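**Q** Sequence:
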Amino acid sequence: MLLSAVLRRAVLVPLTAATLALPGLPTAGALAPTTWFLDCSRSANGSGSQESPWNTLAAVNAHTFQPGDRLLLKRGATCKGTLKPKGSGTPSAPITLAGYGAGDDRPVVKGDAAGTEKAAVHLFNVEQWEIRDLEMTFPDPSTTKRERNGLLVEIADLPDGVGTHYVADDVYVHDVDGDATKWSNGIQFRVSGTTTPTHFDDVLVRNSRISDVDREGLTNRTTWMCRPIYGTGDGCGSTANWRASTRIVFRGNTIENTGGDGIVIRAADHALVEGNTVHDIAMRPMGSNVGIWTINSDDTLIQRNEVHHVRKLPDNGDGQAFDSDYGNNRAVFQYNHSHDNEGGFMLFCGGCGSGSSSRGTVVRHNLSRADKGRIFDVTKDDNARVHNNTVYLPPGSTTAVIHQRSATTNTVLSGNIFHNLGNGGYSGPQYRPGDFLWNGNTFYGHHPANEPVDAAKNTANPKLGNPGGTAPEDYRLTAGSPALRAGGSVAAGAAEDYFGSPAPRVCRPDAGFHQLSTFDEGACPAPDLAIDTGFETGTLAAWTHYGSVGVVTSNTHSGQRAVRVGPAQAAVEQVVQLKPRTTYRLSGYGKVSSSGTEVSLGVKQYDNAGSTTRHVFTGTSYTRGSTTFTTGSTSHTARIYCYARSGSGNGYCDDITLAED
Numbered sequence: 001m002l003l004s005a006v007l008r009r010a011v012l013v014p015l016t017a018a019t020l021a022l023p024g025l026p027t028a029g030a031l032a033p034t035t036w037f038l039d040c041s042r043s044a045n046g047s048g049s050q051e052s053p054w055n056t057l058a059a060v061n062a063h064t065f066q067p068g069d070r071l072l073l074k075r076g077a078t079c080k081g082t083l084k085p086k087g088s089g090t091p092s093a094p095i096t097l098a099g100y101g102a103g104d105d106r107p108v109v110k111g112d113a114a115g116t117e118k119a120a121v122h123l124f125n126v127e128q129w130e131i132r133d134l135e136m137t138f139p140d141p142s143t144t145k146r147e148r149n150g151l152l153v154e155i156a157d158l159p160d161g162v163g164t165h166y167v168a169d170d171v172y173v174h175d176v177d178g179d180a181t182k183w184s185n186g187i188q189f190r191v192s193g194t195t196t197p198t199h200f201d202d203v204l205v206r207n208s209r210i211s212d213v214d215r216e217g218l219t220n221r222t223t224w225m226c227r228p229i230y231g232t233g234d235g236c237g238s239t240a241n242w243r244a245s246t247r248i249v250f251r252g253n254t255i256e257n258t259g260g261d262g263i264v265i266r267a268a269d270h271a272l273v274e275g276n277t278v279h280d281i282a283m284r285p286m287g288s289n290v291g292i293w294t295i296n297s298d299d300t301l302i303q304r305n306e307v308h309h310v311r312k313l314p315d316n317g318d319g320q321a322f323d324s325d326y327g328n329n330r331a332v333f334q335y336n337h338s339h340d341n342e343g344g345f346m347l348f349c350g351g352c353g354s355g356s357s358s359r360g361t362v363v364r365h366n367l368s369r370a371d372k373g374r375i376f377d378v379t380k381d382d383n384a385r386v387h388n389n390t391v392y393l394p395p396g397s398t399t400a401v402i403h404q405r406s407a408t409t410n411t412v413l414s415g416n417i418f419h420n421l422g423n424g425g426y427s428g429p430q431y432r433p434g435d436f437l438w439n440g441n442t443f444y445g446h447h448p449a450n451e452p453v454d455a456a457k458n459t460a461n462p463k464l465g466n467p468g469g470t471a472p473e474d475y476r477l478t479a480g481s482p483a484l485r486a487g488g489s490v491a492a493g494a495a496e497d498y499f500g501s502p503a504p505r506v507c508r509p510d511a512g513f514h515q516l517s518t519f520d521e522g523a524c525p526a527p528d529l530a531i532d533t534g535f536e537t538g539t540l541a542a543w544t545h546y547g548s549v550g551v552v553t554s555n556t557h558s559g560q561r562a563v564r565v566g567p568a569q570a571a572v573e574q575v576v577q578l579k580p581r582t583t584y585r586l587s588g589y590g591k592v593s594s595s596g597t598e599v600s601l602g603v604k605q606y607d608n609a610g611s612t613t614r615h616v617f618t619g620t621s622y623t624r625g626s627t628t629f630t631t632g633s634t635s636h637t638a639r640i641y642c643y644a645r646s647g648s649g650n651g652y653c654d655d656i657t658l659a660e661d
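If you read the sequence shown in our numbering, its first letter stands for residue 1, the second for the next number, and so on.
If you're looking for bench data, these hints aren't it; they were derived computationally from the structure.
Misleading hints may appear alongside valid ones.
[Claimed, not checked] Heads up, simulated DSSO-like pairs for lysine-lysine below, C-alpha to C-alpha not over 27 Å straight-line:
1. 312 x 145
2. 145 x 110
3. 80 x 118
4. 118 x 86
5. 86 x 110
6. 182 x 145
7. 182 x 80
8. 84 x 118
9. 118 x 145
10. 80 x 145
11. 84 x 145
12. 182 x 110
13. 182 x 118
14. 110 x 80
15. 579 x 604
16. 182 x 312
17. 84 x 110
18. 182 x 84
Just so it is clear, the structure is predicted and the values come from calculations on it, not from any experiment.
Let the hints inform the model, and build the full structure from the sequences given.
**A** Okay, structure coming up:
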């Protein structure tokens, strides 16, 4: 059992003068924190003191460290082999691994290519460790490659099921000659084992550099990953065992010259990837790779990163800056700068796994500049929202805006600027117009025959500050731009734009990633919190659906169109973004084609209990109905629906509204 797990279970003991003199120690009788020293340039091994430091990794690995201890490595000295220490810290007394001595050189741990270990530094089944100012490398001059990592933090079958608090701050990992599998990384946090469900909690990698590594840069992974939304990926069967790692933060790092991916988040809950610079990715032929991506995770937030020069090699189909892969719920990509990536800006890959899906990905307030291939590569994502992004395609570009693979999707694109001076189109050979809803976008420059239908589109020059420039500031809107107040209102949108200026939640926003115009939220009418609720676009792009459904031009309540559901059982549904602890009213008009048929207008999954409320229509003429509901304390979404519940006839819904009550 981990020492910190033992301490969490320890009984309280009386304080003594000795323990009072050592604040932060977890229990009476524990050893005082000690600073230990390692200098691999010394000719003789010592006791571990500063005057008589250890001189081998073997001496360190034989020692068990105590809470609050520090292990300091001599700057400028290189230790060959694997550092694999024992012992754990506590929340009040973590163990520190860092450098000592004069000069700017870092202490170096260099993996032994002739050995069998899989990392230069390997923390295995220990916790509460903080690593600073260390250099790790694992080169292999031979052509025979195997699994290798610079830093590997691994936990397996822990008695209490959680490994807590790991920090890698200002470390440098480079020249890791791993194989082409995704087990080889610069820095990896790995949960292995199959007996006890285990996960990480509180992982921070910041201000670090990872360079010249194969295959991946900075990642996490786990054997506890199976759930229905993930399908049968990685050999998952019918048994669900998904256990997400929590409080994972990758911040302010530089990842460069990888053979494969840059940063990957796997099986995590509310992970944060922000402020990283990722470039020259997928530089060697190692399968399909992306700059920053997330898979099989909930509520991943990827923001304020710059990703450029991701390669798309002949043996892969990716090469994008970002990817919401399969098995994700509610991933958000915002305030990022993507440029010069051979595979494009954004991949939606919810349907890339067998039986897999993803839901509710949001892509907002990003800049895509001179990306190649395709801007959005879409396989499947239920209720994806792409809004207020600025895309610049220079003269000579052949980049397509949309490339759709075979799987269906439901994607809404609103308030984006496409400043297209190239000649690429807006759809690929598998493009299905009914899978996409376009609302309030700016299409400037090239106007191909397949330009999307957008009732609120703008085709005038958006008057960007310096289009073609290399800085995000070059793509700000300028005074008098036709893109001002030309975007589509987005319920539960971002509170600010790319540059940190306030963005409207109620008023109609400016198009693109920059909000220039001012607004008064109190003077604007509240927008409908749902999208295409009158079905006037003629598609069901904003809605998921099952059974026999369709948009009709007869049997409407108002306007030109309504939705038909039926015969039972059939439904259209839409995930909406809401606020916790708030009461809403869902209203609309409904009717049935014949007596004995029942159609419901309702909402479900608006609280932690998965509650449902609805209004039922059984008449053959349109009537108005409504229902109210209050979201749960942690609920941010709900699912509204029009559902033919019973009977042999059809149901119809039209003019639906959703607003705070």
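**Q** Straight-line Cα separation of residue 84 and residue 110 no greater than 27 Å?
**A** Given that 27 Å is the threshold and the Cα spacing comes to 13 Å, the pair holds.
**Q** Take the C-alpha atoms of residue 110 and residue 80, compute the straight-line distance between them, and say whether it is at most 27 Å.
**A** 5 Å, holds
**Q** Would the hint linking residue 182 and residue 110 be met if the CA-CA limit is 27 Å?
**A** Cα-Cα ~21 Å, so holds.
**Q** Given the hint that residue 182 pairs with residue 80, test it: the Cα-Cα distance must not exceed 27 Å.
**A** 24 Å, holds
**Q** Hey, residue 80 versus residue 145, does the alpha-carbon distance stay inside 27 Å?
**A** With Cα atoms ~18 Å apart, residue 80 and residue 145 stay inside 27 Å; holds.
**Q** Against the 27 Å threshold, does the CA-CA distance of residue 84 and residue 145 hold or violate the hint?
**A** Cα-Cα ~22 Å, so holds.
**Q** Holds or violated: residue 579 with residue 604, Cα cutoff 27 Å?
**A** 15 Å, holds
**Q** Take a quick look at whether residue 312 and residue 145 sit within 27 Å of each other, Cα to Cα.
**A** 23 Å, holds
**Q** Straight-line Cα separation of residue 118 and residue 86 no greater than 27 Å?
**A** 17 Å, holds
**Q** Hint check: residue 84 vs residue 118, CA-CA at most 27 Å. Holds or violated?
**A** Between residue 84 and residue 118 the Cα gap is close to 11 Å, so the pair holds against 27 Å.
**Q** Does the structure keep residue 145 and residue 110 at a Cα separation of 27 Å or less?
**A** 16 Å, holds
**Q** For residue 118 and residue 145, compute the direct alpha-carbon distance and say whether it is at most 27 Å.
**A** Distance ~11 Å between residue 118 and residue 145 Cα, so the pair holds.
The earlier numbered hints are all upheld by this structure, with none contradicted.
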